[in-house]
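Quick mapping for you: the protein sequence lines, in order, are chains A and B.
In terms of the working numbering, the first sequence has 156 at position 156, counting the first letter as 1, and numbering is strictly consecutive.
In terms of the working numbering, the second sequence has 4 at position 4, counting the first letter as 1, and numbering is strictly consecutive.
What the hints contain is simulated information worked out from the structure, not anything from laboratory work.
Fair warning: there could be bad hints in the mix.
[Stated by the list, open to error] Non-contacting residues of chain B with respect to chain A, defined by C-beta distances greater than 12 Å in every case (computed): (1) ALA86; (2) ARG99; (3) GLU116.
[Unchecked claim] Covered stretches of chain B (in silico footprint by chain A; criterion: 3 or more residues with CB under 8 Å from a CB of chain A, positions within the stretch not fixed): (4) 21-33; (5) 37-50; (6) 70-84; (7) 87-95.
Every residue gets a Cβ at the ideal spot worked out from N, C-alpha and C, and that includes glycine.
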Amino acid sequence: MVVAFAIIRRRSLIATAMLSSFFSLLMAGTFVLLDAVDVAFAEAAVGAGITTVLMLSALALTSSVEVQPLKSNWLALVLTIATAGVLFYGVSDLPAFGDAAAPAQRHVAPRYLEMAEFETGIPNVVTSVLASYRGFDTFGELTVVLTAGIGVMLLMTPGVRRRRNQKETDEDAT
Amino acid sequence: MAFLGTYNYWIFITLMMIGLYIVIVRGNLVKKIIGLNIFQSSVFLFFISVGKVSDGTAPIILHDGGEAIYSNPLPHVLILTAIVVAVSTSALALALIVRIHESYGTLQEELIHEAERAP
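Build out the structure end to end from the sequences listed, making use of the hints.
This is the structure:
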């Protein structure tokens with residue numbers, strides 16, 4: 001949270017990117033504490049690693065200093081606090097942290113935990129649910145990744161860009 | 001004490017509001033992406049903390065004979081998917097940002113609006 005506050009204040013964008021990487025690493029540590037080791041792996045590799053690389057390479061292609069000074073925006077602050085109030089009201093009747101009898105713990109999760117190894121042969125329940133029970137979710141995820149990859153390629157390929165620029169100059173000429 | 005038992009939700013809300021505030025206030029587009037990432041991380045934290053069971057362990061079946069309490073594996077799976085999707089969306093957004101910078105020479109929202117209005 002302290003890191004997140006620092007991200008608001010900083011104006012140098014490279015420092016911000018490094019801070020957000022640090023933030024992801026802290027999140028990964030928190031996930032380990034919350035027993036989500038697979039998620040922690042993914043967050044450390046993807047959040048702290050790849051996102052930072054992407055962020056830094058994007059900054060290398062653009063400008064890395066934020067020109068506008070930080071002005072306080074009362075409307076945004078009021079809106080944020082109001083939303084926080086609504087959320088605090090909303091979570092007030094959710095089950096307590098770590099409650100084993102919470103509804104989220106009693107639906108399909110016990111079945112996964114009891115049957116996953118027998119049915120799929122994988123001791124890691126997260127893997128078996130990801131790849132077997134919810135394989136279509138993962139397939140959808142891969143579709144999203146593919147779409148994003150195609151989008152980035154179309155946006156960044158120099159050939160496409162040059163052709164478009166040439167077309168524009170041709171149109172200007174005629 | 002019930003009030004203190006839900007501190008995971010407080011952290012989640014605070015993080016989410018920091019993210020929202022960054023997205024609204026900062027004019028710089030890269031900063032907005034970072035704000036969006038914080039917002040997403042808060043949702044991840046919310047899901048994972050819902051799946052946590054007290055005294056539980058990671059949901060990998062142990063073979064030492066004893067009974068163990070496992071945390072809920074389902075939120076972990078959902079968040080694994082969500083993390084990957086989050087990265088691909090921010091990659092696409094950053095590619096768009098690079099193109100915007102090429103066209104307008106700036107990443108400040110206000111300056112881009114001015115450039116749009118100018119003939």
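Results of checking the hints against the structure:
With 12 Å as the threshold on Cβ separation, the claim that ALA86/B sits away from chain A is violated: the shortest Cβ distance comes to roughly 8 Å. Residue-level check failed: ARG99/B sits 5 Å from the nearest beta carbon of chain A, not beyond 12 Å. No Cβ of chain A approaches the Cβ of GLU116/B within 12 Å, the least distance being about 17 Å, so the stated non-interface status holds. Interface restraint, the stretch 21-33 of chain B with chain A: holds (10 residues with C-beta to C-beta distance below 8 Å; minimum three).
Look at the stretch 37-50 of chain B against chain A: 8 of its residues bring a Cβ nearer than 8 Å to a Cβ of that chain, three or more, so the hint holds. Beta-carbon proximity to chain A at under 8 Å applies to 14 residues in the stretch 70-84 of chain B; the threshold of 3 is reached and the given coverage holds. Three residues within the 8 Å Cβ limit are the bar, and the stretch 87-95 of chain B against chain A gives 8, so the coverage statement holds.
In summary, the numbered hints that this structure violates are 1, 2.
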